[in-house]
Amino acid sequence: MPATPPPSRHTRAWALLGLLVCLGLSAWEARRWSLADAPMPPAAVVSPAAHTIGKAWQMVAHGELPQPRTAPSAHASHLLALPEQSPYAIAAFWFAGERESAPDVRIAMGLLDRQTQTWRDAQWVVDRHAMGQALGHGLRRLGNPVAWIDAQQRIHLFVVATGLGGWAASRVLHLRQAPGSTDLTSLQLDVVRVLPLSWLWNTSHLVRNPPLTLADGGMVLPLHFELGLKYPVFAWFNRDGDLMGLRRISTRKDLLQPSLLALTPTHWLALMRTQSPVRRVAVVESFDAGAHWQSHADLGLPNPDAALATLALAPQHFAVVQHPISRGRHALAWQLSTDGKEWSAPMTVAQGPEGDEFSYPAMVWADNSLWISYTHQRAHIRWQRWQTQSESR
Amino acid sequence: MDNALFTDLALPSLAWQAVFRHLGWTLAVAVVLARLSPKTWVRRWWWGLGLGLASNLPILTEVTSALALSFQTPSLLSQGLLACALWRGLRPRAAGTHAPGVSPVLMPMWGWAITALLGWVLLLDTLGWGGTFIYAWGFGPVVPVAVLLGCAAALAWATWHPQPAHQTRWLWLLAGAMGLFVLTRAPSGNAWDAISDPWSWLIASGLCAAQLWRRTQRRFTRPQSL
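Those sequence lines, one after another, are chains E and H.
First residue of the first sequence? That's 24 in the numbering used here, and the numbers climb one at a time after it.
First residue of the second sequence? That's 10 in the numbering used here, and the numbers climb one at a time after it.
Errors might be hidden in some of the hints.
FRET-style restraints, in silico, Cβ to Cβ [said to hold, decoys possible]:
| hint | chain 1 | residue 1 | chain 2 | residue 2 | range |
| --- | --- | --- | --- | --- | --- |
| 1 | E | 328 | H | 218 | 34 to 44 Å |
| 2 | E | 191 | H | 71 | 17 to 27 Å |
| 3 | H | 162 | E | 349 | 54 to 64 Å |
| 4 | H | 224 | E | 276 | 29 to 39 Å |
| 5 | E | 174 | H | 151 | 46 to 56 Å |
| 6 | E | 79 | H | 142 | 38 to 48 Å |
| 7 | H | 192 | E | 375 | 53 to 63 Å |
| 8 | E | 79 | H | 71 | 56 to 66 Å |
| 9 | E | 157 | H | 192 | 20 to 30 Å |
Please keep in mind that the hints were generated in silico from the structure rather than gathered at the bench.
Glycine included, C-beta positions come from ideal geometry on N, C-alpha and C.
The following block holds chain E by itself, in its conformation from the complex (with noise of 0.2 Å):
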């Protein structure tokens, strides 16, 4: 083998320039290092129900969504509060189409007109063929939408969206409320990005629970990774809705749908769907606002691998929905906790005989009252108003 040439003066000078382009790029991005240090604020602890402590509380309303009329299927609504100058309280996301993971899935979306307390007729918000031509490549399937608004009051939404193959190549579709479309009643949304949560061509990782709205107006968005086991994690986003991190939640491999609870501004709580032969909701914990996150013995309330949803009313006043049985999806109900952890008796929901099903349940505090949409058989999305009675009189 020849003998390898000395390096030329050329040779030289060309290493010498690629050594101070790259001292020069390592300084501009160390720059970035006082912001990559900032820690993630804490959350913010709401308290929109602290009147309803101790008061009994009663359905006073209840109904369907208005479904779009060529779609025999619904399913994973999502609620999300509008803001008080919006003449809408509530909207509510959920996917319909021909069937679960049919290619003609859309997303819709229903309004609560704040005056008259009815619902609009459901509007298709999320096509995934107007999607994959603003990305640029196709989409599959859509699924799950979850929705949050931002510090300048956009409405942000996040939708699963698969790529090849089933849920377990899943992906998560960043959409934003775009410039100028201020009337929610012909909700417009861009793409911003597929976010990028794995190195394996992104696939796997899907939302369904809400975010946690923190201190400084950001959020953390729960997700799960699910390609043959199942691990939750979150994506922390600033107040005007850039991605800025993902932790990971627990070490398990047989959780997912991560639902968060802020007990205090630092002292969360993850509840969450489980597949392990126990049953029972599993809950991780974290008293440093989410940075690290420690196991905690599973829940006294059963889990028949269903979602479920939590929302925090009060400090100390925490309302979970969830499937009451440990088998099957026939019945629903929702429960009261000061801790997170110790659960008031079930007030039913729904509950129909075994086979039947109701599932996948979303929560909202709106207009003075709690909010609950569900999956009813597949078909429909059905929601109740609840009140404390001293309110409903």
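Since the structure of chain E is already known, use the hints to place chain H on it.
Using the frame of chain E, we list chain H on its own:
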């Protein structure tokens, strides 16, 4: 100091993503088609390039769309390697691959070994193994700064120690990929995605396994001296 520039650069725009997605899959289609064609076919690299470019035509956008749907965007390092492979195929004389003493190897074995090892680490991290969340580091400045300083140190060493071109090519490509990432945040906003992707990990693992197999075979088939 106004930090807006840095926060805006946190993740790439859709436009930058599109540029690197098209470039990446054009190069990949071109190289794969050329490599799959019979070696006796003189114009196979030109045909590969032509078909790679054609995959971006409106009538054939389904090709890049399907590839991006399944595999998102090749890493910038992979794109650099693909561009090198294409250049060497198109212009063997200019690339010097026929010159005596110039290695026909695109990249040194240690480069493939690092690529394979990094891929394994990121795969296990994706599957939730290990106490830390390594992929999340890719959003901060630690990974780009570490890689760029590592490249600077290696280039400083290479300046005064003679190395064959293919030994330093990988280093140049790595530095280029990370530099481009710092400037554009492509392809995803995460530094790991700029220097590693599952396809490069699979190819690197395959090449490393083959090399290991050849070495093991040689060791056991070496004639014993009497």
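- Hints not upheld, ascending by number: Of the numbered hints, just 5 does not hold.
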